[in-house]
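Order-wise, the sequence lines are chains G and S. Residue 94 in the working numbering sits at position 94 of the first sequence, with consecutive numbering throughout. Residue 411 in the working numbering sits at position 411 of the second sequence, with consecutive numbering throughout.
The hints are simulated quantities; they were obtained by calculation from the structure and are not laboratory data. Source: prediction; values computed, not measured. Idealized CB from N, CA, C, for every residue including glycine. There may be inaccurate statements among the hints.
[Said to hold, decoys possible] Covered stretches of chain S (chain G as the covering partner; in silico rule of three or more C-beta atoms under 8 angstroms from a C-beta of chain G): (1) 88-96; (2) 110-116; (3) 405-414.
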Amino acid sequence: MRSHRFYTPWLLMLPALVWLGLFSVWPAINTVTLSFTNVHQLTGGHFIGLKNYWLLWHDPHIRDAVLNTIVFMVICVPLLTLLPLLLALLVQRNIRGIAFFRTAFYFPVIASAVTVALIWKWMLDDRGLFNNLLQTMGFVHKTVPFLTDRWLLLLSAIALTVWKGLGYYMLLYMSALGSVRRDLHEAAAVDGAGTVRRFWSITVPGVRGTMILISVLIAVNAMRVFSELYILGGATGGVGGQDVSIVMLVQQAASGSDGRLGYASAISVFLFFLTAIPLLFLTRLNKNSQEES
Amino acid sequence: MRRTTAVSAIAVAATLLAGCGVGSKSSSADANKTVSTTAALSGSITFQTWSLKNDKFTPYFNTLIAAFKQAHPGTDVNWIDQPGDGYPTKVASQVSTGSLPDVINLPPDIAHSVAKTGNLLDLKQNDPTLATDYVKSGLAAYNYQDVSGGSQDFGFPWYLGTDVSYWNKTMMAKDGLDATKPPKTFDDLVAQAKIMHDASGGKDYLMSRAPGLSDIANTGTKLLTADGTKFAFNTAPAEAMLDKYTAAYKAGYLPSNVLDNSYEGNSTLFSKQQVAWTTGGGNLITSLQQDNPTLAPNVLPSPALDTAPLYVQGLSVSSKSKNLPLALAFAEFVTNNANQTAFVKLAPGFLPGSAASANDPQYTKSDGTPQGDAAVIAYQDMQTAVNFTPPIWTDAMNTILNQEIAKAMTGKETSKQALDNTVNQANALLTQ
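The task is simple: from the sequences and hints, build the whole structure.
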């Protein structure tokens, strides 16, 4: 058998490495570098040390943005980790017409975030479907301010995100459920274990790896929330700007011919470290679970 | 090994940080170049427009360029057009890569950013008849206090727009108002909005937008300090105006959604006949005759409340152009009275930025119809119209203003707090 040359694996990896270097590593390094400068869209700028981070600390909008982003993540992670699993359990059964429901649940995934958010905006409007229904059925007498109240707008964006994400994560769970041993379920049922007991003792441990992966994906996506809040709340981030997210602050800082690229980069770096916290926590959780089992 | 790594890391960091200083380097000397206007023209230039290459305007530009080339044999003009979206970013990249076209269509805010980098030619010292050839309000929009103390002009006014007030006379009559005696000031507007609200049981609206920078300026407040370097519009009159808007909003004289993202804009609400007042260009009634023929006969125009806003598009010349005489001559040619008038005929609602257009009867004499009146009112408004947006005002500042105004109108802050916060945050942005 003839051994390959030492550089053969590197050659094979070269296209991917070049791609990664150009479009991931270099922009990341450049973002960190820019965060220490006062570069604007049209001017070169210069090194200003930690001034952007000092400005970020004193930015009156950053607290709202961090709070909104964390609330968004804290609610989205458990909902989008558990609900798709329940949905996957429902649709994995081979009963007549189930394919229709699988498709229906997956449908929001293929719709663009902007289109979906626009439809939701119309439904949540003062004269939209939800307000009309609630008033017609006599639950409320005044319009519910879904798009103007700070927390209702945030919850509306969360509901939209959960609705849109259910189908995708359901698909991941359906694949994971295939590897959960059926004989364990049968044995537990013979021993008298009920549906709930079998769910927590067999199904959940069986898909734990997928659950951790899904939690990580949701946490990262939630920290980067933009479209849902932007479409529902507008460019100002809701009435008075109280529904801004961290990514919206990046967009606001960098846009326009006077866009502050240095400051926007500092917010991005801050977001990176903030995103790392739940990731480390979830990774640690996964490691501990693996060690225990 | 560890030492080598540390040294390498420092070297890489130093290289990267040194690179940060590299950007668009230019000086005011570039802007101050004197261009020969007597030399024979030759060579070629690039001319950039903003979202104007389409079935409507392409034939005009092709004819225009052909006429220029015929008048100046041996010259060539390469016309490029940029799409509507992302124009500031595109211009920014052209500046930073040194590829700014020789003649470029820029609105005053983008021109200001480019002028600050020294990439635009001062037209004042290179066009002796500039002040008399163009509408003063249009020229003023390209004169920047924070660039050479306002001693330079960076754009030929090309096509201009302003606002005319339009009133739905049927709605007004139904609610006891007379559209032939429309409000002339903001206070009149609020008073009539109350009458309409009370008469219709809160179903009809006269007012339908939140205030902005122009409303603050219309209180007589100077937006900037005397030296033009800082914002100072947190004045008592501005506060009083915002208080009135807040009271009107609370009383239900404005639609409840004017502050949120479901707000459709006052012109859309006017078209739907939910609102009896809107502002628009001089051709609004003509457009309505095609798009909304049932509404069009019910609309009467009147001059804008207080001072009308000015919307300007202009042509600038790159100070880095390798063929400045040709670039300057072409920019003057495109914006001369004959060519501006011909261009504006293709763009209803806009007005020429050339001073000589004042002699054109279509802008000075109405045919007696409401649409004819509107065209004349628009031209009259334009003479005193002001570009309320200071060149140092950015998108980020506008976002802050809208946020703070919303907080004041929803009672989360007082008007004074909202204006103070806006001014403080906007001034802080100027130093970043």
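Hints, verified against the model:
{"no.": "1", "hint": "88-96", "in the structure": "holds (count 6)"}
{"no.": "2", "hint": "110-116", "in the structure": "holds (count 4)"}
{"no.": "3", "hint": "405-414", "in the structure": "holds (count 4)"}
In summary, this structure violates none of the numbered hints.
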